[in-house]
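Could you put together the complete structure from these sequences and hints?
One-letter residues, chain by chain:
There are 2 protein chains.
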Amino acid sequence: MRQFVVVGHDVPTTPEFSLGDLTGAGRLDLLARCVTAGFVLSHGIREDVRVHLVLDGEYAVHFEGSELQGLNPDERSTAALVRTALEDREEAIGHVAAETTPGVSISRRDLAAVLDDAGGTVLRLHENGDGVAGIDPPDDPVFVLSDERDLTDEEAALVDERADRCVSLGPRAIHADHAITVAHNYLDTDGFSEY
Amino acid sequence: MRQFVVVGHDVPTTPEFSLGDLTGAGRLDLLARCVTAGFVLSHGIREDVRVHLVLDGEYAVHFEGSELQGLNPDERSTAALVRTALEDREEAIGHVAAETTPGVSISRRDLAAVLDDAGGTVLRLHENGDGVAGIDPPDDPVFVLSDERDLTDEEAALVDERADRCVSLGPRAIHADHAITVAHNYLDTDGFSEY
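Here the protein sequences line up with chains A and B, keeping their order. Counting in the working numbering, the first sequence runs from 217 upward without gaps. Counting in the working numbering, the second sequence runs from 217 upward without gaps.
Bear in mind the hints are in silico, worked out from the structure with no lab data behind them. Don't be surprised by glycine CBs; every beta carbon is placed ideally from N, CA and C. It is possible that part of the hints are untrue.
FRET-style restraints, in silico, Cβ to Cβ [as the list claims (entries may be wrong)]:
| # | chain 1 | residue 1 | chain 2 | residue 2 | range |
| --- | --- | --- | --- | --- | --- |
| 1 | B | GLU377 | A | THR229 | 49 to 59 angstroms |
| 2 | A | ARG378 | B | THR230 | 35 to 45 angstroms |
| 3 | A | ASP366 | B | ASP264 | 19 to 29 angstroms |
| 4 | A | ASP304 | B | GLY407 | 39 to 49 angstroms |
| 5 | A | ARG388 | B | ARG324 | 32 to 42 angstroms |
| 6 | A | ASP355 | B | THR300 | 44 to 54 angstroms |
| 7 | A | GLU232 | B | THR300 | 22 to 32 angstroms |
| 8 | A | GLU410 | B | ARG381 | 15 to 25 angstroms |
| 9 | A | ASP304 | B | GLU377 | 47 to 57 angstroms |
| 10 | B | ASN344 | A | ARG388 | 28 to 38 angstroms |
Here are a few chain A residues that face chain B, going by a calculated C-beta distance under 7 angstroms [what the hints assert, rightly or not]:
| # | residue |
| --- | --- |
| 11 | GLU291 |
| 12 | ASP304 |
| 13 | THR397 |
| 14 | VAL398 |
Structural data, given as structure tokens:
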């Protein structure tokens, strides 16, 4: 199982945003692209993946690859799934997630709770981390990424407490959705060795 | 200079499409994501890149990194640049490109003409190609990709005539925009060796 935890800042925690103006909705466009980068292949989707979007530390929206139906690769339709989840946010009680569409659920988990529930080997992605090509891929990686803002000091501290290591995907700082694509490539090729 | 040539099939060659329904416009959503994957970094854009979208063999829209202004990472605003280029398509005469917004131009080049004008080392991306990790990155790579359809036999033949080699980015078939992201990572890390 591969998991990606994407920490969103200043993103909507209510469904009152327009699908036609996702860049005006706290960079929900970027979070939507993170979801599609996590799942879509040329033919079908990756079933052994979970993506968690942490929305301002208030809610988390969870995507489960083995149960997703009809995920399209465009950001608008993915953002619509997030909006539906937020419409049903009152059904999420405590840390218990409520499914809002097949394979998509919402909970009141913050970043710490999402990481604690994820299990697996937590890898913080950061440009100052160790180069990923020199590291054997773990069996159940949990990659932690931030949106266009860096993690706050508080978020970074709680990730570092739980992370096995901090890894870098390359010398240039890239967007979170592109980082997910590269991380998948690292795992698909078993550390850039199998093609 | 890094170049990416993306071959679009059944895509609009006139500007009569809705920015709110890009998946209904011959997968223009995918082509738009190819452009942003080609250019955007966390802070700024890649200036040493050109992306060419070949639209049904009738027009090509060219993006020049050193001249682009205000390219946003969401697919809708990038698709708007393509639409503007198509609105001005009558200004493209023969193979001479007409600039339609800063760094964006349109020409009547087909795939063969785009490749012949690109120069550099042409690399066809295909899942049956040689694993890219074992290949030294060329100085001026020109990657050729197709949209969600495979290249036609005719297109494949003319690419193969001009390609130095056929390379694979990994064992799983991924979308063209994700392939561009992985190709950049291969080049950024000098063949997965520099982090």
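Hints versus structure:
1. GLU377(B) to THR229(A): 49 to 59 angstroms: For THR229(A) against GLU377(B), whose Cβ atoms are near 55 angstroms apart, the range 49 to 59 angstroms holds.
2. ARG378(A) to THR230(B): 35 to 45 angstroms: violated, 53 angstroms
3. ASP366(A) to ASP264(B): 19 to 29 angstroms: holds, 26 angstroms
4. ASP304(A) to GLY407(B): 39 to 49 angstroms: 47 angstroms Cβ-Cβ, so the 39 to 49 angstroms window holds.
5. ARG388(A) to ARG324(B): 32 to 42 angstroms: Taking Cβ atoms as reference, ARG388(A) and ARG324(B) lie about 35 angstroms apart, which means the hint holds.
6. ASP355(A) to THR300(B): 44 to 54 angstroms: Since ASP355(A) and THR300(B) have Cβ atoms about 48 angstroms apart, the given range 44 to 54 angstroms holds.
7. GLU232(A) to THR300(B): 22 to 32 angstroms: holds, 31 angstroms
8. GLU410(A) to ARG381(B): 15 to 25 angstroms: Since the Cβ atoms of GLU410(A) and ARG381(B) sit about 19 angstroms apart, the hinted range of 15 to 25 angstroms holds.
9. ASP304(A) to GLU377(B): 47 to 57 angstroms: holds, 55 angstroms
10. ASN344(B) to ARG388(A): 28 to 38 angstroms: holds, 29 angstroms
11. GLU291: Because about 6 angstroms separates GLU291(A) from the closest Cβ in chain B, which is inside the 7 angstroms limit, the hint holds.
12. ASP304: Status violated, d = 24 angstroms.
13. THR397: holds, 4 angstroms
14. VAL398: Given a least distance of 5 angstroms, the restraint on VAL398(A) holds.
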